[in-house]
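Produce the complete structure using the sequences and hints provided.
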Amino acid sequence: MKLVSYWHDTAPVFTGGAQGPVQGHYDAAIIGGGFTGLAAARQLAKAGAKVAVLEAERVGWGASGRNGGHLNNGLAHSYLSAKAELGKERAIALYRALDDSVDTIEALVAEEGIDCNFRRAGKLKLASKPQHFEAIARNFEALHAEVDPDTALLSAADLRSEIGSPFYGAMLSKKSAMMHMGRYVAGLATAAARHGAVIHENVAVTDRKQAGGRHELTTSQGRISADNVLVATGAYTTPNFSYFRRRIISVGSFIIATRPLSDTEIAATMPGNRTCVTSMNIGNYFRLSPDRRLIFGGRARFSATSDQRSDARSGQILQAGLAAIFPQLAKVEIDYCWGGLVDMTKDRFPRAGYHDGVWYAMGYSGHGAQLSTHLGMILADAMLGREDRNPMKGLDWPSIPGYSGKPWFLPMVGLYYKALDRIQ
0 MKLVSYWHDT
10 APVFTGGAQG
20 PVQGHYDAAI
30 IGGGFTGLAA
40 ARQLAKAGAK
50 VAVLEAERVG
60 WGASGRNGGH
70 LNNGLAHSYL
80 SAKAELGKER
90 AIALYRALDD
100 SVDTIEALVA
110 EEGIDCNFRR
120 AGKLKLASKP
130 QHFEAIARNF
140 EALHAEVDPD
150 TALLSAADLR
160 SEIGSPFYGA
170 MLSKKSAMMH
180 MGRYVAGLAT
190 AAARHGAVIH
200 ENVAVTDRKQ
210 AGGRHELTTS
220 QGRISADNVL
230 VATGAYTTPN
240 FSYFRRRIIS
250 VGSFIIATRP
260 LSDTEIAATM
270 PGNRTCVTSM
280 NIGNYFRLSP
290 DRRLIFGGRA
300 RFSATSDQRS
310 DARSGQILQA
320 GLAAIFPQLA
330 KVEIDYCWGG
340 LVDMTKDRFP
350 RAGYHDGVWY
360 AMGYSGHGAQ
370 LSTHLGMILA
380 DAMLGREDRN
390 PMKGLDWPSI
400 PGYSGKPWFL
410 PMVGLYYKAL
420 DRIQ
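Numbering (my numbering), first residue to last: 0 to 423.
Only true hints are included.
In the PhoX-like style, the derived pairs of lysine-lysine whose C-alpha atoms are separated by at most 25 Å in a straight line are: (1) Lys345 <-> Lys87; (2) Lys173 <-> Lys87; (3) Lys392 <-> Lys87; (4) Lys208 <-> Lys49; (5) Lys173 <-> Lys128; (6) Lys392 <-> Lys345; (7) Lys1 <-> Lys330.
These are computed hints drawn from the structure, not numbers from a lab. All values derive from a computational prediction rather than experimental measurement.
Shown next, in the form of structure tokens:
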């Protein structure tokens, strides 16, 4: 078993990075070489702006290369919960932004010719308990009528042709998609570089100063100046950006990938070949990979770290979870096990905008694979003076009292959600 991301291990290596020292002046400097930063860089470079991307590791090293491979429309909340908290207008705008995000990726993949196995698969929100299906049905009625007619409510009987495990029904979101995340991020970086973006890998930003409308960034490999700065670091945001650290909770999420499955095994487990998420608070998400592996993830442990030892322990928990849902795969070999950090906000709504002289997009709360590309392009347009289409504009983002970036409270949060799953 390899303790590395399947997406990293099976994708081409990006070879278009800049060589030599970090220096010069740019129209925009982007901190973070994931989907958000690379999409913004491509959009800016296409418009003729001089743009630099500063990535502390390699492109796609963080959440963009460590997720479950889903492009699901919909937020971390149910539509009814979002409407109650944000109001109908904002809730609809956010849901439609997620729809638009999948459209944006599909169009970008086609325009740039990125070979990443993009496919409109549809997502199943699976009811793990009878009362969960009742809640899913209530949410479906409102969502289907007010926002997304491309949805359907499936009974337990309907699911027999979709998934080889007993659930109590599901909501099908037909717009949702999937792709190979590693191939996509390599293709996105290549496209950004082809359009003129300067991409520096293994370059950490260690300090930022602002004077006279210009930013001075000190890095591990030199200094640059820029008229605009975009912080696109999510759960991997460093302490020198304390405003965001006080608002982002970094939570570990863990994933395993089986060996390639046979036709018979696929027919017995995932004949519908969709993206799937369960309805438990500490639930699971899964899909088939392009080479027919079952990619199965979840918050196996409530942790703010993800190293290989942590990943291996979490992999054992996930393997037990996989066997509980699919007993027919209880003894299947696990080829990959990895973890990553999810950038959660307290209310689990994403944030994007402009604060203290810098642009930012983060707090995706487990839904960044699809939204990040879209928001990166939207913020790039705002930098260029184009129409501001930011769906999060004006959404308040208070800091978390007593929190400075180290989520000491995660084990207690995990116990709370485990208790909820027992009684709800």
